[in-house]
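Number of protein chains: 2
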Amino acid sequence: MSDGLLFRTAVREDLPSIVRMLADDDLGSQREKYEDPLPESYYAAFEQISRDLNHQLIVAVLEGKVIGTLHLMFLPSISFQGGLRAQVEYVRVDKQCRNLGIGSRMMEWTSEKARERGVHVIQLTSHLSRKDAHRFYEKLGFKGSHLGMKLDLK
Amino acid sequence: MSDGLLFRTAVREDLPSIVRMLADDDLGSQREKYEDPLPESYYAAFEQISRDLNHQLIVAVLEGKVIGTLHLMFLPSISFQGGLRAQVEYVRVDKQCRNLGIGSRMMEWTSEKARERGVHVIQLTSHLSRKDAHRFYEKLGFKGSHLGMKLDLK
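Read top to bottom, the protein sequences are chains W and B.
All residue numbers for the first sequence refer to numbering that gives the first Met the number 0, where the first residue is 0 and numbers rise by one.
All residue numbers for the second sequence refer to numbering that gives the first Met the number 0, where the first residue is 0 and numbers rise by one.
A few of these clues could be false.
The list makes no distinction among identical chains, and a pair is therefore deemed to hold if it is satisfied within one copy or across any two copies.
As a list, the in silico DSS-like pairs of lysine-lysine whose alpha-carbon atoms are at most 30 Å apart [said to hold, decoys possible]:
1) Lys153 <-> Lys64
2) Lys138 <-> Lys32
3) Lys142 <-> Lys64
4) Lys138 <-> Lys153
5) Lys94 <-> Lys149
6) Lys32 <-> Lys153
7) Lys32 <-> Lys94
8) Lys32 <-> Lys142
These are calculated hints, taken from the structure and not from any lab test.
Generate coordinates for the entire structure from the input sequences, incorporating the hints supplied.
Here you go:
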C-alpha cells in the first residue's frame, strides 16, 4: 500500500535517512559512510544544494517515514536552442518498500515538476550493471540512447 | 598546429560561433537554429549560465577565432559523502580544426579546473552512435560505466 505517500523537499533532519538509502546497496556501500553522527561533508553538500534554486533534493514520505529520495537538478544549456533540461541523480527507494510503485510515483511527480519549469528533456544515468533499473526507466518512457562515461580524479 | 591555443569563459559575442559548432553535425543540425540573428532563447540561456558560478561555458580560441567549446558544470551532490562532481556537456571542435589535439587539450584544461575546485569525478554522456567520441574519451581515462537515458517532455 502506498496511499498517504507524499513528496517534499528534504530538510536537514532527513539526511541520515537519505544516506542510509544511498549506502544500502553493493555500489553505495563502498562509497558512503552511514554513521551517527554523519560525516560533516554530507551536511556541507546539503547546505549547498538547499541554497541553489536549480537543485531540489526530494524525499518520499510514507506514514511519517522517509522511504525514498532523488536529487532533481535543472540545467540551463545552450544546446537545443537554449533549452532547459532536468537531470535526476541517485534515485532510491527503501528496500522494505519495493514493488509498491513508489519509484514510479516519485518519477512521475518529478516529471511534473520538470514540465512546470518548461524542461524539454529529463536525463539520468544508471550503472550498466543495474538492468532492473533500466527496465524501470524504460517503462516510464526513458530511452537508453547514450553512453555515460566517468573520469575519476581521486 | 595548435600553438597559441587558449581557453577562456565565453562572452555573449561568442554565441554565434558556439551555435554554429553545435549545429554542424547530424544530430545537432536537427535541433539547433543557426541563424543571423540567433533566436533570443540562446541569449536567455547564455545569461542564465553566465550568472551561475556552478556553470562555465568555455571556448577554445586559435588565432583569434573560436574553434572549440564545452559547457562545464559543477554539481553538488549528497552521494560520495557529499562529493562535488563536474559534468561536461556538448564538447565541440570546429570541423576545420580536427585532429590537432585541440579536443584533448580542452578536456585536460577542464580536468585541471575541476581538480582546483575539489571535484572527485567528471561525468559526461555521449550518444551511443558516436563511437569515435567514446574512443577519444577512453584515451583520456574515462570509463563507459553507465547507460545514459533520456525522457523527452515535448
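Of the hints given before, which are not true for this structure? 1, 2 and 3
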